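All residue numbers for the sequence shown refer to the numbering used here, where the first residue is 227 and numbers rise by one.
In case anyone wonders, no lab produced these hints; they're calculated from the structure.
Computed from a prediction, not measured in an experiment: that's the story for all the values here.
Treat the hints with care, since some could be wrong.
With beta-carbon atoms standing in for the labels, derived distance ranges [claimed, not checked]:
no., residue 1, residue 2, range
1, C297, R396, 31 to 41 Å
2, R239, G338, 20 to 30 Å
3, E358, A332, 11 to 21 Å
4, N277, E371, 31 to 41 Å
5, R396, E288, 37 to 47 Å
6, Y285, P411, 28 to 38 Å
7, R396, G357, 17 to 27 Å
8, Y271, A299, 12 to 22 Å
Ideal Cβ placement from N, Cα and C applies to all residues, glycine included.
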Amino acid sequence: MGLTPASFEGSQRGRELLARISHLDTIDDRVEKLWLSDERGHDSYFLDEENCSAYARLYLDEYRRQNGVQCQACSSHARCLGLGTDGDGTPLAPFNRPLLVRLFRALPDGKGKARYFTAHLREILAALGQGEDTLTCVGRYVRPELAVEHEDEDLARLAALYGPLVTDEREVTLSAGLLQAFGYPAHPLVL
């Protein structure tokens with residue numbers, strides 16, 4: 227319910243109230259806005275290719291904590307380590323750093339990089355929790371940067387999604403740990 231300021235002018239108390247209101251600052255005068263992206267909302271100030279794996283690790287740490295997962299006690303811990311860690315020894319599984327960079331690069335242009343990145347992590351984890359195939363699920367969110375040819379199509383997709391980031395090399399080397407994490411023999415493979 228609003229009141230017309232003119233209705234306050236009829237009494238001494240109303241005039242005092244109007245005088246106070248005219249000298250009060252507004253919320254905009256008391257609050258400084260801090261932006262998490264540039265003025266257009268296209269580039270995030272805190273999430274980029276360099277730190278997207280650290281951001282994902284923090285998300286995964288909290289996801290595991292919320293779901294009662296203890297990596298050290300898990301029977302798959304050694305296999306998950308094959309996908310790599312982000313510095314502190316905690317596995318990035320079911321992701322690895324190159325996959326997370328590709329996931330970041332595949333985000334839609336415009337606002338909400340952190341929101342989309344987090345949503346994609348959550349959606350991938352939910353789908354994998356429902357038993358969906360890892361390469362199929364991840365392939366919906368990640369844009370491969372190279373084409374890998376091999377008679378084993380799953381191995382070719384594994385190399386395109388989880389393999390090293392694009393270089394000038396004409397070969398892709400998959401680590402023993404990465405291959406073991408996906409059920410292949412644990413020795414490096416050059417495609």
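The hints, checked one at a time:
1. The hint said 31 to 41 Å for the Cβ distance between C297 and R396, and at roughly 36 Å that hint holds.
2. R239 and G338 have their C-beta atoms about 49 Å apart, which leaves the hinted 20 to 30 Å range violated.
3. Separation of E358 from A332 is about 18 Å and conforms to the stated range, judged on CB atoms against 11 to 21 Å.
4. Between N277 and E371 the C-beta distance comes to about 19 Å, which lies outside the given range of 31 to 41 Å.
5. In this structure, R396 and E288 meet the distance hint of 37 to 47 Å, their C-beta atoms being roughly 40 Å apart.
6. For Y285 paired with P411, a C-beta distance near 31 Å keeps the hint of 28 to 38 Å intact.
7. Distance hint for R396 and G357: a CB-CB separation of about 36 Å, inconsistent with the stated range 17 to 27 Å.
8. Taken as a hint, the range 12 to 22 Å is violated for the pair Y271 and A299, whose Cβ atoms sit roughly 37 Å apart.
The structure fails to meet hints 2, 4, 7 and 8 from the earlier list, while all remaining hints are met.
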